[in-house]
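Chain residues, written in single-letter form:
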Amino acid sequence: GDSVTQMEGPVTLSEEAFLTINCTYTATGYPSLFWYVQYPGEGLQLLLKATKADDKGSNKGFEATYRKETTSFHLEKGSVQVSDSAVYFCALSWGQTGANNLFFGTGTRLTVIP
Amino acid sequence: EAQVTQNPRYLITVTGKKLTVTCSQNMNHEYMSWYRQDPGLGLRQIYYSMNVEVTDKGDVPEGYKVSRKEKRNFPLILESPSPNQTSLYFCASSLAGAQYNEQFFGPGTRLTVL
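The listed protein sequences derive, respectively, from chains W and X. Heads up: the first sequence is residues 7 to 120, going by the numbering used here. Heads up: the second sequence is residues 709 to 822, going by the numbering used here.
Certain hints may be false.
[Claimed, not checked] Incomplete in silico selection of chain X near chain W, CB under 10 Å:
1. 741
2. 747
3. 756
4. 767
5. 769
6. 770
7. 772
8. 800
9. 803
10. 804
11. 807
12. 813
13. 814
Keep in mind that the hints were calculated from the coordinates and are not lab data. We treat Cβ as the ideally placed atom computed from N, Cα and C, and that holds for glycine.
Please construct the entire structure, taking both the sequences and the accompanying hints into account.
This is how it looks when you write it as C-alpha cells:
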C-alpha cells in the first residue's frame with residue numbers, strides 16, 4: 007500500500023544552518039507530494055507541494071523536488087531561523103478513490119537554537 | 709476568515725462515556741476528514757467524507773463514528789471511549805476532485821480517556 011518514510015528526529019540546528027529532512031514514498035500510480043508544518047500548539051498547515059515528477063515546490067525559503075526515479079521528496083532550506091522550529095510532515099495523496107486522502111510520514115521535529 | 713474549528717480543544721473523560729467532537733468549516737468544502745496523531749505514528753486517517761451523506765472509513769476507523777448531515781459540519785463520535793483512544797485529533801477540509809488540493813486543518817482536540 008501507499009506509505010511515506012520520513013527521517014527520524016528530532017533535529018537540532020543552529021540558526022543559519024542548512025536543513026535537509028529526508029522523505030521517501032511508496033505508491034502505486036502518480037501521487038501528489040506535500041510537506042505540512044505544525045507549529046507548537048497549532049494544527050497542520052501546508053508548506054509546499056509538487057504534483058508531478060521533477061516539479062519543485064517552494065515556500066518561505068523551503069524547497070523540495072519530486073524525484074520519481076528515487077521516489078523521494080526531501081525538504082531543504084539554506085538558512086534556518088528560530089521561527090522554523092516546528093514538526094514537519096511529509097505526505098502523499100494519490101486520489102485513487104476520487105478522494106484526496108493524505109498518507110503521512112511520522113513527522114520530524116526541528117528545533118533551531120540562536 | 710477561512711477556517712476549520714473544532715470543539716472542545718481539550719477533553720478528559722472516562723471509559724465508556726459517549727462523547728462527540730465537533731468540526732465545522734466555513735469554506736464550502738466538499739471533502740472533510742478526521743485524523744488522529746500519536747507519537748511515532750504521525751497522522752492516521754479515521755474517517756472521511758466526500759460530500760453530504762457520503763462517508764467512508766480511513767485507516768483506523770474502529771471505535772469511531774461520523775456523520776455528514778450538513779456540508780459545513782463533520783462530527784466525530786466515540787460511542788464508548790477506551791484508553792487507547794487517548795490521542796490528539798485533527799479535522800481537515802478541502803475542495804474535492806483533485807489529489808493535489810490543499811487540506812486545511814483545525815487546531816486539534818486533545819482527548820484523554822481514563
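For each hint, the structure was consulted:
1. 741: Hint on residue 741 (chain X): holds, closest Cβ of chain W at ~7 Å, below 10 Å.
2. 747: holds (9 Å)
3. 756: Holds - the Cβ of residue 756 (chain X) comes within 10 Å of chain W, reaching about 6 Å at its closest.
4. 767: holds (8 Å)
5. 769: violated (13 Å)
6. 770: violated (17 Å)
7. 772: At 16 Å from the nearest chain W Cβ, residue 772 (chain X) fails the 10 Å test, so the hint is violated.
8. 800: This interface hint holds because 8 Å falls under the 10 Å limit.
9. 803: holds (9 Å)
10. 804: Result: holds, 7 Å to nearest chain W Cβ.
11. 807: Hint holds; residue 807 (chain X) Cβ to chain W Cβ min 3 Å, cut 10 Å.
12. 813: Holds - the Cβ of residue 813 (chain X) comes within 10 Å of chain W, reaching about 4 Å at its closest.
13. 814: holds (5 Å)
This entry does not satisfy hints 5, 6, 7, going by the numbered hints stated previously.
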